[in-house]
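Engineer: Model the placement of chains F and B on the given structure of chain G, informed by the hints.
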Amino acid sequence: MVSLTGKDILNGEQFTREEIDLIFTVADDFRDQLRDKPALNLMNGYVLAALFFEPSTRTRLSFETAMHRLSGNVIGFSSAESSSTAKGETLIDTIRTVDQYADIIAMRHPQIGSANEAASVANAPVLNGGDGAGQHPTQALLDLYTIRRERGDVNGTTIVLCGDLKNGRTVHAGVEVYKHFQYNLIMVSPEQLKMPADITSRLRGYGVHIRETTSLEDALAEGDVLYMTRIQKERFADPDEYERLKGSYILTREMVERIRPDLTILHPLPRVNEITSDVDSLSTAAYFRQVRNGVFIRMALIALIMGKV
Amino acid sequence: MVSLTGKDILNGEQFTREEIDLIFTVADDFRDQLRDKPALNLMNGYVLAALFFEPSTRTRLSFETAMHRLSGNVIGFSSAESSSTAKGETLIDTIRTVDQYADIIAMRHPQIGSANEAASVANAPVLNGGDGAGQHPTQALLDLYTIRRERGDVNGTTIVLCGDLKNGRTVHAGVEVYKHFQYNLIMVSPEQLKMPADITSRLRGYGVHIRETTSLEDALAEGDVLYMTRIQKERFADPDEYERLKGSYILTREMVERIRPDLTILHPLPRVNEITSDVDSLSTAAYFRQVRNGVFIRMALIALIMGKV
Amino acid sequence: MVSLTGKDILNGEQFTREEIDLIFTVADDFRDQLRDKPALNLMNGYVLAALFFEPSTRTRLSFETAMHRLSGNVIGFSSAESSSTAKGETLIDTIRTVDQYADIIAMRHPQIGSANEAASVANAPVLNGGDGAGQHPTQALLDLYTIRRERGDVNGTTIVLCGDLKNGRTVHAGVEVYKHFQYNLIMVSPEQLKMPADITSRLRGYGVHIRETTSLEDALAEGDVLYMTRIQKERFADPDEYERLKGSYILTREMVERIRPDLTILHPLPRVNEITSDVDSLSTAAYFRQVRNGVFIRMALIALIMGKV
Chain G
1 MVSLTGKDIL NGEQFTREEI DLIFTVADDF RDQLRDKPAL NLMNGYVLAA LFFEPSTRTR
61 LSFETAMHRL SGNVIGFSSA ESSSTAKGET LIDTIRTVDQ YADIIAMRHP QIGSANEAAS
121 VANAPVLNGG DGAGQHPTQA LLDLYTIRRE RGDVNGTTIV LCGDLKNGRT VHAGVEVYKH
181 FQYNLIMVSP EQLKMPADIT SRLRGYGVHI RETTSLEDAL AEGDVLYMTR IQKERFADPD
241 EYERLKGSYI LTREMVERIR PDLTILHPLP RVNEITSDVD SLSTAAYFRQ VRNGVFIRMA
301 LIALIMGKV
Chain F
1 MVSLTGKDIL NGEQFTREEI DLIFTVADDF RDQLRDKPAL NLMNGYVLAA LFFEPSTRTR
61 LSFETAMHRL SGNVIGFSSA ESSSTAKGET LIDTIRTVDQ YADIIAMRHP QIGSANEAAS
121 VANAPVLNGG DGAGQHPTQA LLDLYTIRRE RGDVNGTTIV LCGDLKNGRT VHAGVEVYKH
181 FQYNLIMVSP EQLKMPADIT SRLRGYGVHI RETTSLEDAL AEGDVLYMTR IQKERFADPD
241 EYERLKGSYI LTREMVERIR PDLTILHPLP RVNEITSDVD SLSTAAYFRQ VRNGVFIRMA
301 LIALIMGKV
Chain B
1 MVSLTGKDIL NGEQFTREEI DLIFTVADDF RDQLRDKPAL NLMNGYVLAA LFFEPSTRTR
61 LSFETAMHRL SGNVIGFSSA ESSSTAKGET LIDTIRTVDQ YADIIAMRHP QIGSANEAAS
121 VANAPVLNGG DGAGQHPTQA LLDLYTIRRE RGDVNGTTIV LCGDLKNGRT VHAGVEVYKH
181 FQYNLIMVSP EQLKMPADIT SRLRGYGVHI RETTSLEDAL AEGDVLYMTR IQKERFADPD
241 EYERLKGSYI LTREMVERIR PDLTILHPLP RVNEITSDVD SLSTAAYFRQ VRNGVFIRMA
301 LIALIMGKV
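Chains as they are written, first to last, in my numbering: chain G, 1 to 309; chain F, 1 to 309; chain B, 1 to 309.
Any given hint could turn out to be false.
Put simply, identical chains are the same to the list, so a pair is met inside one copy or across any two.
[Claimed, not checked] In silico lysine-lysine, BS3-like type, Cα no more than 30 Å apart, as pairs:
(1) 7 x 246
(2) 166 x 87
(3) 308 x 233
(4) 7 x 179
(5) 246 x 87
(6) 194 x 87
(7) 7 x 37
(8) 194 x 233
(9) 37 x 308
(10) 194 x 37
(11) 246 x 194
(12) 233 x 87
(13) 233 x 179
(14) 166 x 308
(15) 308 x 179
(16) 194 x 308
(17) 37 x 246
No lab work stands behind these hints: they were computed from the structure.
In this text the structure is predicted, and so the values were computed from the model without any measurement.
Bound conformation, chain G alone (with noise of 0.2 Å):
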């Protein structure tokens, strides 16, 4: 019997297959309750704790509404200079002092690893909200959630990636949550961006059918989901670098109405100038459905967690 009971989130390659199954069978049933009424009443008088050492909308918003929809209560901060880091204390302490007060912990820190070293500490099962370039594994679940919600199904897909694939950590985390289902990969950035090779290798491993290419155009012929990333302003030490890449690819309502009127368009967001505005009244731009599916997604994760399904 599968069951998230006490887990922590860390990573895209915890999931089997049945896991992401149930979570999304959930996220499916917890839609259609909130159809009749604004919340579920789940999680009565628990705390989620949202420590956020970045700033974070998105994330963050969407992680306090997945528990307020589930009637449970939010403490947290929204920066690192809110916090007692400000003071010198390190994450660990902080972690183990939130331990003591919130159920759960959902967190986003500027490190690689930080995460795992939260829950290495909590008795309260973490979810990683983004650690750094490293892994963002709600992100990944509700993306692909997005995906077979927009096409049915994601076996038989071409999935066009297409941005910062080096420092993008949805994508990261992508790689090893996609690896249960079959489908075609193109991957579209710049030279200096391109997807790191290890990872490349271990999707080839998982039997994905790769191409690489620096041509948005090319890709899209071939597409049926665009998965669109913002080049990251805060992962280049070098601002000339930054300015260089960040209109490399900019994808318009002209181009897919001309080279793939049904492509699928998706976007972790939040996007600086990769989308057009022109695209978003496009009946298959799923962006904002995304950030809508994020929410379901965690309610999901919390609910399974916290033993309440």
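Structural biologist: Using the frame of chain G, we list chains F and B on its own:
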């Protein structure tokens, strides 16, 4: 039948006299009900997003308190730095994202027109909590409500507006809310901070008898209500001009007692030095009651907009 | 009949022995009740304002958790920058404003006497969560509570106070809370950071046997409880002096095992380097249990003050 269900609250112009009366009636009713209990069970499970791109104690906490006193939940942020704006996200994308989370959105933003822009893309109703030097309609409503409560009626009163009438969004939003009433207006400001001519002529068009002066003492002799405002540092490009003007008008207890002992004194707060603290204990100093009225007005607006009354 | 209903919690001096016993009894009772459920239904619909003019993870989240575990709601801010203080508002005006919103106020502020100032104008009870180098009475209570729980009794123990005894508000608040008990005190600090003479003489007046030393090892040989404190960077005008003194006392596991293996170790946290991390796994290292005790103490205080017990 008057209804506010599903409406945005964007500016002072939008209200009919019937809507204003409805809001005030509901606010009075909520006030009565809260004498016996800390909260009403009207918004259980619902989520308000409080998006404050500019710092604010009063307005943000007022909206949050209003939502809690209706048994609802709150998500949000209290500065642009804690949001994805820091990563270059547009206001519209932030709103579209939060729209996937919240049932209703309250926001403050430094740019004029930002709340309208937000409302144009959000499915959730948007409450404008201040858009730069633009509008601040919930403040205008609570000001009017306070005058009605303090003096019994707005009709027939002489209101003295004093301070920065050029940049004060509270004042500008107020003009359109007050048009449904018959009152006299005395406007007191330095020459550089006079009410814009277009607003003055609109006021005259509504039949308001207006007198402009640079002398607060002259105005007080005739006034029933003083609406004092702060010279807002953050609206000045030139810090020297701010320094020159900030001490232009200072209300003291001595002035009130000498000129107009039954003067009703309002202020949208925060104040810097424009009302001395010895005024606070006068029974007609109404600015902290005004703050409390804001909670009832915002409760009424939230409940009416969400169709819970 | 002892009652705390409607009282402010401002300093360590205010408590009678009977009040301390009542708070501890209620804290013990809440702890027991929370073994079976995540929260108690005592403060439903009530609003706590957590006003933190200085950053704090521990104290702010502790108050917020306490309120949530009583089923109440929280509003507030976590830094002066997010409040109207940035617009030049006085503390008193901010408090008077929040007083219109909240049923109870917890606050931290950098200035000594700020909580008293707040309490003098607020109708809502005020809980002092630290006023600069002044007082921190809820911390003093939770420290005492922790010693009682860890050692069975405070009477008869020898407590070693170590670190910055000059500026440590925790320590100063503690003196007056501990006066109801009979214990020995060994004070360990650099010459520059000694306990102020007036406090030492007050302690002697309460019958406390005091020894002052600059050697931590000497003190440990006689101590039952070590109360370690951080040399607080933010209390030093001269950064060089901070650098000179910050490494004065460092407790290691080797020291504990060699000198006093059954030493109960407390720390108000955050720590920087004054207790090495290998101490954490000692069964007598009580500082994270101390954090958890803080939630029960604050729950007890809130419920007692609000007349809910």
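Engineer: Could you run down the list of hints and mark each one as holding or not?
Structural biologist: Verification of the hints:
1. 7 x 246: Classified as neither; 38 Å inside a copy, 39 Å across copies.
2. 166 x 87: For residue 166 and residue 87, only the inter-copy Cα distance (18 Å) is at most 30 Å; the intra-copy one is 33 Å.
3. 308 x 233: neither (39 Å within a copy, 44 Å between copies)
4. 7 x 179: For residue 7 and residue 179, the Cα distance is within 30 Å only inside one copy (21 Å; across copies 46 Å).
5. 246 x 87: Intra 35 Å, inter 13 Å, cutoff 30 Å: inter-copy only.
6. 194 x 87: between (38 Å within a copy, 22 Å between copies)
7. 7 x 37: both (29 Å within a copy, 20 Å between copies)
8. 194 x 233: Intra 16 Å, inter 44 Å, cutoff 30 Å: intra-copy only.
9. 37 x 308: both (18 Å within a copy, 13 Å between copies)
10. 194 x 37: Result: close neither inside a copy nor across copies, 45 Å intra and 50 Å inter.
11. 246 x 194: Within one copy only: 14 Å inside, 46 Å across.
12. 233 x 87: both (27 Å within a copy, 8 Å between copies)
13. 233 x 179: Classified as within; 29 Å inside a copy, 49 Å across copies.
14. 166 x 308: Answer is neither; intra-copy 38 Å and inter-copy 50 Å both fail.
15. 308 x 179: within (28 Å within a copy, 47 Å between copies)
16. 194 x 308: neither (41 Å within a copy, 53 Å between copies)
17. 37 x 246: neither (43 Å within a copy, 51 Å between copies)
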